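Peer 1: Sequence:
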Amino acid sequence: MDGILTVTAQILVIGATNRPDSLDPALRRAGRFDREICLGIPNESARFRILKTLCRKLRLSEDIDYGQLARLTPGYVGADLMALCREAAMCAVNRAFLDTHSRENSERLSEEELSGLSIIMSDFKSSLPSVQPSAKREGFATVPDVTWDDIGALRDVRDELTMAILAPVRSPEQFKALGLSAPSGVLLAGPPGCGKTLLAKALANESGLNFISVKGPELLNMYVGESERAVRQVFQRGRNSAPCVIFFDEIDALCPRRSGNESGASVRVVNQLLTEMDGLETRRQVYIMAATNRPDIIDPAILRPGRLDKTLYVGLPPATDRHAILLTVTKHTDQYLLFSGQNHVVNIKVNKQNFENAFKKVRPSVSKKVSFSIFFSCDLWPDFSGDVVGRVIIRLHFLT
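Take the sequence shown: its letter number 251 is residue 251 in full-length UniProt numbering, and every next letter is one higher.
One or more of the hints may lead you astray.
[Unchecked claim] Computed list of lysine-lysine pairs in DSS-like fashion (alpha-carbon distance at most 27 Å, straight line):
| id | residue 1 | residue 2 |
| --- | --- | --- |
| 1 | Lys125 | Lys52 |
| 2 | Lys310 | Lys215 |
| 3 | Lys176 | Lys310 |
| 4 | Lys125 | Lys176 |
Don't read these hints as lab results, they were simulated from the structure. Treat the numbers as computed from the prediction; the structure is a model and nothing was measured.
Starting from the given sequences, assemble the full structure and let the hints guide the process.
Peer 2: Written as structure tokens, this is what we have:
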């Protein structure tokens, strides 16, 4: 490559890689590969344009909504969108074949039947589960499927998060005109199991941001330098997936309080994390959130202004919130709830499998033996068709 500039022929060398950190630094110096262009994950508007280009030669129906498809495909790259179009075309062919032929008939579709065939919006929607985004397989982020309705409580914390992250995302001009500055990061502190991770996922969903969830111990490695490299990769993935939320769960394991005479691997990890968080100005549309059960052992440098400068306490829910959470975790079952007098009798019409899932969410520590006794006492036994004959579940069963 050093001799290219000396020859008279016009030669241009172009290289491609998805692991630039693995290249020898000598190749990336000036005079060789001195221009680097990052092709990140396309955002919603880019996916809209890619879909219009890919579908230009396809026969589509009039109900195709490119904007809705772009919203339904977070984390998809061009190859994934091409695979989605291919799967949608196959769904259209299968739909036409099933509409005009019986399953036993193996005759080919006629030219007349093929001429009237077109891809409809339901073909794209039915193809979405079969196409996994490449970004998700490689550890990048996608928009979670958790909404505010799946939480059912924590109204005060939700309002604080809305002003901290949702407001700058949805109304950046108005937010800036009022002279407000968004927090650099948000720390959720509180007892385990109170919904800290669920809040972060719902926030990313409501804002349409991608979501990267990282557990603190996952980044720690026994080899020197590997933990710091893992931290750098997380923030690089966040920049490539922008706009996104990077959520550090159990951050107390990743950045414990440093002592004066300590110089081990944990100190290097904390220093690397501080360095990445200080580059907030260069990480536009990358929001940092963290959760911990032990805020007292976190290094104070993480909590200073400019890093995780906003701390929200997610405590144990009061009685009203517990009632709302109970209704939320059982809302996906076919049910009707009637509270009768002081006994609080709950009449639930539900199949066995769905109620087991809801019961495990309400009481995660319940044993299978207790669950068996509840269904035995309620006579909730399905017949061979899957129907449930039992009806009444009383308050005592939830307290067992």
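Peer 1: With reference to the structure, classify each hint as holding or not holding.
Peer 2: Consistency of the hints with the structure:
no., hint, verdict
1, Lys125 to Lys52, "holds, 16 Å"
2, Lys310 to Lys215, "holds, 20 Å"
3, Lys176 to Lys310, "holds, 19 Å"
4, Lys125 to Lys176, "violated, 38 Å"
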